[in-house]
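**Q** Using the sequences provided together with the hints, build the complete structure.
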Amino acid sequence: MKKIKYDDLGSVLNPLKNLQFFARKPVTEPLGPRPAAEIYRGFHLNDMEKCIGCSTCQKICDNAAITMVKIPHLKEDPVNGIRNLRPAIDYGRCCWCALCVDICPVGAIELSREYVHTCNGDEVDSYFVLPQEKGMHGTFEEKGWTKTETNDLLDRKRLPMGEMTPDERGDNFDEIVNGFTPEQAILEASRCVQCGMCHDSCPTHMHAPEYIRAIWKGNVEEAVEWMYESNPFSHVCGRVCTHRCESACSLNQAGLPQGSEPIAIRWLKRYAMDAVPHERIKEIAARKKTDQKTGQKIAVIGAGPAGLTAAFDLVKQGHEVQVYEALAKAGGMTRYGIPYYRLPDDMLDRDVDVIVSMGVSIQYNIRIGKDISMEQLHKDYDAVILAIGLQSGRSTRIPGSEHEDVHSAVELLRRIGSVRDDMNTAEDLDFKVPHSAVVIGGGNVAMDIGRSLARYQKQQYNQVNMTITAIDALENFPADDVEIKESLEEGITIIPSRGPQEVVLENGKIKALKTWRVESVFDADGRFAPQYDESDEQLYDVEMVVEAIGQMAEMELLGEQLTEQLEWQRGRLKVAEDGATSVDWLWSAGDCVNGPDVVHAVADGHRVAESINKAFSVQR
Amino acid sequence: MKCDEINAWLDALLSEINEIEVTRKSERRVRVDVPASSLPALLELLKGKASYVHLSAISCVDWPGDEEFELVYHCWSYEAKSLLSAHTRIPRNSAEEFAHYVSVYDIYKPAAFFERDIYEMFGVYFESSPYMEKFILTEWNGPPPMRKDFDAEAYVNDTFNWADYHPQWLQDIEEEGGGIAIRPEDIRL
Amino acid sequence: MRPENYQVVSLPNSDEYELFIGPNHPGIEGNYAFKLKLDGDRVISGKADAGYLHRGFEKLMEGRLWIQNLAIVPRICVPDPVPMEVVYSLTVEDIEKTEVPLRAQWIRVMQLELSRIASHLFTFGGHAATTGMYTPSYWGVADRDLALDLFEELTGGRVYHIYNIPGGVRRDIPNGFLDRLSDYLDYLQTRQNDYDNLLFTNQVFVKRARDIGVLNQEQALEWGVTGPNLRATGLAFDVRRDDPYLIYEQLDFDIPVQSAGDCLSRILVRRDELFQSVRILRQIIKHLPSVKGPVRSPIPNPLAWNVAKGESYCRVESSKGELAYYTVSDGGDKPYRVHVRGASSMHAVQVLENMSVGQRIEDVAQIMFSLDACPPEVDR
Amino acid sequence: MSKIGNIPVNAQNGKKRTNPLAGVFDELVQFCQSRSMFMLHYCTGCGAIELPPAMTSRFDMERLGIQPMVTPRQADILLITGYVSVKTLKRVILTYEQMQSPKYVIGICSCTVNGGMYWQSYATAKVLNEYLPVDVYIAGCMPRPEAVIEGLRRLMGNIENGKGIAWKDYFQRYDHYLGNQQHLFGNDWQTPTDIIGEARHYGLETEQTCGEHSRILEQHQQPLEPYKMRIKL
Amino acid sequence: MTSVTELLAELLLMPFIAFVVGLAMVLMYRKIAARLQRRIGPPLLQPIYDIVKLYGKETQISHGLIHDIGLVMAVGGYVAAEIFLPVPGMDGIADKGGIITLSYVLMVPSLGLALGVGQCANPNGSIGISRALTAMLAYDIPFIIVVFGVATHYQSTSLVGMIEYQQIHQWGIFEMPLLAVAGLFALQGMMGKQPFEIYVAPAEIATGPMVEMSGKYMGGLFVMQTFQLYTAGVLYTSLFLGGGANWFEFLVKIFIVVAIPMSVALVFPRYRTEDMVRIMWKWPVMVALIGIAFVL
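The listed protein sequences derive, respectively, from chains A, B, C, D and E. Counting from 1, one number per residue, gives the positions in the first sequence under the numbering used here. Counting from 621, one number per residue, gives the positions in the second sequence under the numbering used here. Counting from 810, one number per residue, gives the positions in the third sequence under the numbering used here. Counting from 1190, one number per residue, gives the positions in the fourth sequence under the numbering used here. Counting from 1423, one number per residue, gives the positions in the fifth sequence under the numbering used here.
Hints were generated in silico from the structure; no laboratory data involved. Where a beta carbon is used, it is the ideal one built from N, C-alpha and C, also for glycine. Careful: at least some of the hints might be erroneous.
[Stated by the list, open to error] Computed, partial: chain A to chain B, Cβ under 10 Å:
| id | residue |
| --- | --- |
| 1 | K59 |
| 2 | T67 |
| 3 | V69 |
| 4 | K70 |
| 5 | N84 |
| 6 | D125 |
| 7 | L130 |
[Claimed, not checked] List time: in silico SDA-like cross-link candidates among lysine to any residue, alpha-carbon distance up to 20 Å:
| id | chain 1 | residue 1 | chain 2 | residue 2 |
| --- | --- | --- | --- | --- |
| 8 | A | K217 | C | Y1145 |
| 9 | B | K729 | C | V1023 |
| 10 | A | K289 | A | Q317 |
| 11 | D | K1357 | D | Y1391 |
| 12 | A | K75 | B | I802 |
| 13 | A | K458 | A | R342 |
| 14 | E | K1704 | A | L9 |
| 15 | A | K70 | B | G798 |
| 16 | C | K1118 | B | R651 |
| 17 | A | K514 | A | D405 |
| 18 | A | K75 | B | E794 |
| 19 | A | K157 | A | N178 |
| 20 | E | K1704 | E | I1714 |
| 21 | E | K1704 | A | S11 |
| 22 | C | K1095 | C | S991 |
**A** This is the structure in structure tokens:
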């Protein structure tokens, strides 16, 4: 580099050398916009199909430039985590920082290379834009700043949670997962983008974004308070919920190069519930309870999730609630249907205890229809809620299925469940653990019974000989993926796409189950009409066959008179949306209406309580 | 090395004064917590004896929970090549009356700029500082805006209007039954 | 309430009068005002009037998430925005104890130096224009624009890059970028002769700038002047070398110094600094390909990022001087307090006020531009 | 309304043109107005940093007949380059009123439309066209020089078609603008230019020129005193 | 009778020609600037657009009668000067006035401007005008010396006479090179171009005298500028380059004469006021005096 000294006076002639620029060409660019750089941050593009309306872009926007607009003609599918909201950008606020692009969970919003927009003074409306695939002025210019793995701002990987290895857990009923430590929970909670897809998809609309944020802030009590807003069975749901929230989670959306795992919402719920002392939870739950008594009396039949949730809500409103339970303990299917390794009893007891502490009284071992008639209840109470659940299993009705060693899964689980307090041994069971068994069915119940029996087999015979077979292909199994995975790990054989044809009997004992290969499950109209390939026949040599293909309600308790009064639909009680039956004092809720699912039952309980409340207030 | 000497000397000196608390955060960063009464003397010492001639900045932090302002004097020594941050706390008053402290203008000339800034933004009056008058906010009549209890967003919403957009596409969507669902102000974290 | 500018206050029984330079005046840099009390064309006293660009940045930053603030920090100094992004990220990294990958550090230094070149080219033109010569500003801005093209390619934005992020940079450099950077540096070096002939050895300019606005070293230290203005008084202080950050320790560069402390020394220091930056960039072009690895260490979900409790004071050498941020976190998702020590907050106000006394009116603008004052840094 | 002393207004353009050639003449003037625009280079905000590139060699605005001018008296276009702080807004309004009609305001950047990224700031005005009539907006934060030039070309087109008449709105609905200004600056706000007087003079007065806000102005409006000054030679 | 009509026609035609040629010179200046600054520059009719636009402004601000009169003097002074400048085929009243009258007439615009701007009550304008008068003082000394020298050399004060003399003998620039050089300096000052552009100085005093000018007044100044360039070009051509035998030669000469200061202006900053006076009174005066010595 040439040095210039300070003392150098310079010359008058030096600048004249620059007159050479007369002979040089100008550097001016031609008029009109130049093409912008490859990653230019111009106006927004939004892939309307990809966008799920999660409004995460709106939250990261530092300028409050993004408004979510409801577009009715787009798909609205809360169960799969898709809303018909789309971001509209206010270019009177936007600063083109592209943080919205970097954070978009699905990579729908992107920036284009288009950068010219001018308008007359009275056309400011054109600054408010609904970005689409075509760009701001309908002329697509190439994409500019897009999402890559480097600039993705979200943490895509779920925090691994400690759990027992298959070997450790194979012969006992201890709870499999350890739960989050506080540090893990805060980290996992921090991944949440607060989109509320979980809230929308949850049957009971739990305030998941709020309690996740509370957990992230380290305030578990606040989290618990949010949970009790909508779910008195949070201990249970924190363990065995079907977690539709996680499938709907924005971070669960497919189509990203780097893959993405949803927030572990269920485990976070479990963490928060476990982190708060039980007595404190009772206080938190009681916060919303009114002191006033309405004087209305309500009877609830069945102390399952639906019945108790309704009771919980109604007690909060100041009503008097009496719950009748046919069995010795509360919980219904959650107690007698879900194995211990998924839901320890003491957790369920805590939930029930909170509800009881609110003032719900439960009478056990009282079977309505036998001990007390429905007419009696009608007389004694202002309203009655029927929440009896689905107590009996459906049968395949194949030849041989009437044999005594062909069990229904529900019944078997109940028998296991009623001795659960010390269920680590098989001695207390009132049936003999089979050396080999086959479960028909591909749902969670099938997995539960299969895995429970497998544990007993392991205990007693030190080997697992358990087969689960179902008519569906493996990818269409109704059971959770993690259940299938864990079943396989525990040594259970799963044989999909087999249609059971006959229980082969020999000498009054079961010899084998005969199955054919399924060619198709549904016909062209989508009705259930399986087609079999009869040439592909298999026989499984087993001692026991368990049917787990569905459950149904036992409606005998209603009595003849009431049964006639009520309206029925295809053999099921006809129930309005809000749980009301055709008789004005009777409501029905839970699995017996909606099919088996804890969180649905809870949602149902809320719905019925609300409906009863409304009916009362009309009366008043 | 000369700078090592200065540092060693300084450490020795500071350790002798028992009112102040010295934290050496890294090779070139020293944090000193000092009571408000002895800060000017410390700065005088630093400048006069320890070659900390450059006042890089004076920062003020509002701690309404503690009813205190924290003043941080960042001083740099060209010779020791080290930055010393002297933290002190003074009592905080309500927005109407000023908090008071002494100026260090006679030690460090640049202090005048920062003190005026803090005076405007936080309402701390520095005795004997040359420019205790408004400079940036000459046309501002509200409370000192940088105080934590001044809610800028509420003030803005009270004072200003926002553009009212109603473009054609939005009208079409509204006819369809849709429309604006979540406004940005409803969702801020 | 009558606005003050364009209104002339007559002082009775005196030849003195007040004159407003700015906020709307070609001799002022940015939206800034300077009130002069004059006797004839001799300045009796000068008073800076800032706040025209005041946006309350520090307040805004307290209301936004840590990451959201990235979008607003570069606005604090428009001609030289990169140091703002870098120093903000540095403070956050310092509080969080985040390791920045080596490659990201090299890329940051590359940006900082490119930004310095752009800023200095801009200043040359401004300084020359205050003396009535407009050609350098046409050239300087056009040459700076080529640097902006490079920035656009690298970061997606011409002026506001929003490219640095706590933990690194947002994207890796595009293919072939270093070649184009190298071409640009070649071009700048071919232009050196033109600039020298036109400006730095132009006798009329040298006469105009020499011995004007003298700031000696003692005064400079007393008034807290930093950056090129301090180096023009003979003190070779540069944060890059004396309080090194990023990877400056691994780079080989000189610190240009002049001793006279007048307008001419200041512009000469800037000229030399520009070519030192070219030298640094050459080293980066050579080394960067061999520095492998990620460009960003991951940060938590920005919507739920609580930065650890703590405070940090970080400094960088911007083209205007020592730029520092004092960031305090109370462990929340937003900064508790960010104090911006604008690089030119000293010399744009107090130093300018002091230096203008006794000067002639025709030199006030030149002094201001030669100090390279950046009003938005003062106003924030 | 009190008279403001030192800036008398000439009676020149008030008459209606009856000459048949006036139409042709008007078109010629409009054409020239669109081809020759002097731009007041007032850096109100950060968007101003993209104006030097737009003016200088790389994008050369002078191709379009646009050149910077240093005083509002000579300028035709007032470019509001980004956010205007309340303090600046006062000067902007003052500057605007001193410009000679036809004059045009261009709002550059997001901030002039809806507050931009400083929407939370207590110090900046949010919606520019509450205080001044805006002719053309240019989107961007900040817009590139090319976008600025596109905006100026739109303005040229508007002027050529006789649509660049937002400045009349300021006279015709002065009360509206004055009201918004008073809301922000306080009721004792006054500028040295007598807009109502000018509106009457040029026949641009409507019912909305005066109103409740201008009555507040009248109560305290004071004439500017002429300035006496001596300069030693 | 015919001569009177002819004269009247010439008196009308000469300022008009001056205006048109001046417009072209303004355009040339802007094109030269653009080229040196590595850009394209304005379209061909830009000077006309500017002037029509300025006259088409719908509102005006006047600062009183004196202000208007000052402006009229400024433009009128140059219009009057044009009829003292002979062009090919037209002498106007050049043979009657001569160069002495012309130099007096050329002071009128500056004084008019001073008169007008004084009314604006803007300190920038006042400073500007005081600088303009100082500048006039500075360049007038060498200019007068040059004029004196030239007149002595040609033994005539009539421009027509000088041109005839040069066309017969040889150009003044060859006979009195030193005076020609000094004249070039004075020309630079007279045109107010860098390094002697002290009274516009946007960065210092916001364009000085023009600061309060708007609309028609500014248009007046633009017109004045066209005349100013033309006058300077023609005067120098007449004194040293032998005028023009025909229009082509004449135009080429005046454009070249004007282009030189213009190009120089673009690569220099401006001097400070006292520097300008010092330099103007030093080098050009010295050169001119030596030139005179040769002439005498």
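**Q** Taking 20 Å as the top limit, are the C-alpha atoms of K1357 of chain D and Y1391 of chain D close enough?
**A** Status holds; Cα separation ~10 Å.
**Q** Would the hint linking K1704 of chain E and I1714 of chain E be met if the CA-CA limit is 20 Å?
**A** holds, 15 Å
**Q** Is the hint on K59 of chain A kept, meaning its closest Cβ partner in chain B is under 10 Å away?
**A** Hint holds; K59 of chain A Cβ to chain B Cβ min 6 Å, cut 10 Å.
**Q** With a cut-off of 20 Å on the C-alpha distance, tell me whether K1704 of chain E and S11 of chain A pass.
**A** holds, 18 Å
**Q** Given V69 of chain A as an interface hint, is the shortest Cβ-Cβ distance to chain B below 10 Å?
**A** holds, 6 Å
**Q** Taking only the CA atoms, is the gap from K70 of chain A to G798 of chain B under or equal to 20 Å?
**A** holds, 5 Å
**Q** Minimum Cβ distance from T67 of chain A to chain B below 10 Å?
**A** The hint holds - T67 of chain A has a Cβ within 10 Å of chain B, the shortest such distance being about 6 Å.
**Q** Report holds or violated for the interface hint on D125 of chain A, using the least CB-CB distance to chain B and a cut-off of 10 Å.
**A** holds, 4 Å
**Q** Would the hint linking K1118 of chain C and R651 of chain B be met if the CA-CA limit is 20 Å?
**A** Given that 20 Å is the threshold and the Cα spacing comes to 16 Å, the pair holds.
**Q** Would you mind confirming whether the straight-line C-alpha gap from K1095 of chain C to S991 of chain C stays at or under 20 Å?
**A** holds, 10 Å
**Q** Is it true that the CA of K1704 of chain E sits at most 20 Å from the CA of L9 of chain A?
**A** Distance ~19 Å between K1704 of chain E and L9 of chain A Cα, so the pair holds.
**Q** For the pair supplied as a hint, K157 of chain A and N178 of chain A, confirm whether the alpha-carbon distance does not exceed 20 Å.
**A** holds, 19 Å
This entry satisfies every hint, going by the numbered hints stated previously.
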